[in-house]
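**Q** One letter stands for each residue in the lines below.
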Amino acid sequence: MTRQWAETIAVPLSRRQWLGASLAGAASSATWLPALAAETENDPQRRRRCILLWMSGGPSQTDTFDLKPGHPNGGPFQEIDTSVPGMRISQHLPRLAKQAQDLVLVRSMSTNEGDHGRATFHLRTGYRPTGPIQYPALGSLLSKELGRDEDELPSFVSIYPYRGANSAAFGSGFLGPIYAPLTVGERAGSAQQGNYDELLKVRNLELPGGVRLAQAGNRSELLSGIDERFLADRPGLPGQSHRTAFHRAQRFMQSAAGKVFNLEEEPAEVREAYGLNAFGQAACWRGGWWSMACRSSKSPSAARPGTRTRPTSTRLRNSAACSIRPGQR
Amino acid sequence: MARGFIESGFDARFLIRALVSSQAYQRSSRQTDPGQDDPTLFARMSLRALSAEQLYDALVQATSPYGSGRGVASTRSEAQRAEFLNAFQGPPGDATQGSTSIVQALTLMNGSLVADATSLERSRTLTAVADAPFMTTAERIETLYLATVSRPPTADELEGLVKYVDDGGAHGRGRAALADVFWSLLNSAEFKINH
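Residue numbers (our numbering), protein chains in the order written: chain X, 1 to 329; chain H, 330 to 524.
Hints listed in this document are in silico derivations from the structure and should not be mistaken for laboratory results.
For glycine and all other residues, C-beta sits at the position ideal for the given N, C-alpha and C.
There's no promise every hint is true.
Unchecked claim - Rough simulated footprint, nothing fancy, chain H against chain X, three-plus residues with beta-carbon under 8 Å:
id, stretch
1, 226-239
2, 268-281
Unchecked claim - Computed beta-carbon distance windows for the label pairs:
id, chain 1, residue 1, chain 2, residue 2, range
3, X, Ala214, H, Gln383, 32 to 38 Å
4, X, Arg212, H, Gln383, 28 to 34 Å
5, H, Ala411, X, Leu213, 29 to 35 Å
6, X, Pro235, H, Ala353, 14 to 20 Å
7, H, Asp496, X, Ile133, 50 to 56 Å
8, X, Gly225, H, Gly338, 29 to 35 Å
9, X, Pro132, H, Glu382, 35 to 41 Å
10, H, Met330, X, Leu213, 55 to 61 Å
11, X, Glu113, H, Asp367, 42 to 48 Å
This is chain X alone, in the form it adopts within the complex (with noise of 0.2 Å):
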């Protein structure tokens, strides 16, 4: 049983944290999205974002990336060129192949864990579980160090995390709740034929029942008299703090993000192409949030609005990413 996921970190990141960002994962997500990287890059004011698929239990790097041809160590299928002289990869991987230009292949990592809960937490935080210190997870840290208070959107969401190998490596450790992920569809792989859509929502997103939204603005304005009036004297980071998740969680919930998206929208070919099970539909529910995040963004360029279909049809361009996932062997 294989259980993989994904989780996108919305940060501005420089090309060196980027890039250590990705080394956990098996492949680059440069040929993700060629149209709105290629905007992205154009703008000034970008933002950066990071997508990593961790793919616990995914296929061995000897079937794939790394084969050590005549070693003994090495696996059984043969090696084939790829578009980057030098760089072969698994003979199954000839699409791929093709888009290795926009790949980049990291085989010197090696570590000394032998574990599979040990090494997660290793490749997660960077750290060694050592002692009672409690290291964040990349995304957490990242959001800490990159992430912008007024942002709309979360900065770290994971998507049907599958946590068994190591809890303490999907969390934001001594970091504190303030930079632990949105975590979305976690019970996802218990999905019955097709309700993905009800399994990969964000929790308490929507009012409540019988709320609506008149009412829910009048009750914001009570909460902010009520606390206004409490905090003008207290000064102290848990009330700031308290103000401060409030006010992101009311303008989530009011952002075009939180309204429109919705894996129900999505065309159904572009939810076939990313695989009709919980990973395939993370990943859809990810493409998503990532349009979403772009046009939300305060990039005049990437906000502008009717581009609905480009992300779509770049997203389609993700499957071929998609494909090596070790669902579909």
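Since chain X is already given, all that's left is putting chain H on it; use the hints.
**A** Just chain H now, kept in the frame of chain X:
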């Protein structure tokens, strides 16, 4: 105090009594002078975030008048509690540095626990307060304040809220407007921060 503790025969009750009756312990969290900024001087109490367990129990206590914290807990409430604790469990450490996440805010604003507590169909506290025929609007609001933040509203607060409830809020219905007041109190910093 060390001497007193030794003389009491290392009586923990003596120690706790002495600590809680000290002036340093009884400081208000209100800042009246910028000189109180340094927390090491104990010139004012620092705000402290409630732990996940404290917050959940406080919510249950404020919203279920018949003490559902006792007796055999239903499976549903156990699951609800576990889920709540999962979202609110902070890292161990200094509660004065406690922070709120967006997920936590969403859970309190829209989650089932507070939604049920502020529903005119399902909340026992709220319907009891809203339907009691012998209460004036001001008394209803005061009861909600006492149930949540354990103090009566100030005259200023009361005036504004009575007007809001009597005008009926968004729906022109006083009972729904009372639910809005209850919701705001349960989501307020005053409710969820130890002060």
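**Q** For each hint, tell me whether it holds in the structure or not.
**A** Status of each hint after checking the structure:
With 12 residues having a beta carbon nearer than 8 Å to a beta carbon of chain H, the stretch 226-239 of chain X meets the requirement of three or more and the stated coverage holds. A stretch counts as covered by a chain when three or more of its residues have a beta carbon under 8 Å from one of that chain; for the stretch 268-281 of chain X and chain H the count is 0, and the coverage is violated. Between X:Ala214 and H:Gln383 the CB atoms are about 33 Å apart, so this pair conforms to the stated range of 32 to 38 Å. A hinted range of 28 to 34 Å for the beta carbons of X:Arg212 and H:Gln383 is consistent with their spacing of about 32 Å.
For the hinted restraint 29 to 35 Å between H:Ala411 and X:Leu213, the CB-CB distance of approximately 31 Å keeps it satisfied. Taking 14 to 20 Å as the suggested C-beta distance range, the pair X:Pro235 and H:Ala353 conforms, at roughly 19 Å. One distance hint, 50 to 56 Å for the beta-carbon pair H:Asp496 and X:Ile133, holds here, with the actual separation near 54 Å. Take X:Gly225 and H:Gly338: their Cβ atoms lie about 52 Å apart, and the range 29 to 35 Å is violated.
Range check, X:Pro132 to H:Glu382: Cβ separation about 21 Å, and the 35 to 41 Å hint is violated. The beta-carbon spacing between H:Met330 and X:Leu213, approximately 57 Å, falls within the hinted interval of 55 to 61 Å. For the pair X:Glu113 and H:Asp367, the supplied restraint of 42 to 48 Å holds, since their beta-carbon distance comes to about 45 Å.
The structure is inconsistent with the numbered hints 2, 8, 9, although it conforms to all the rest.
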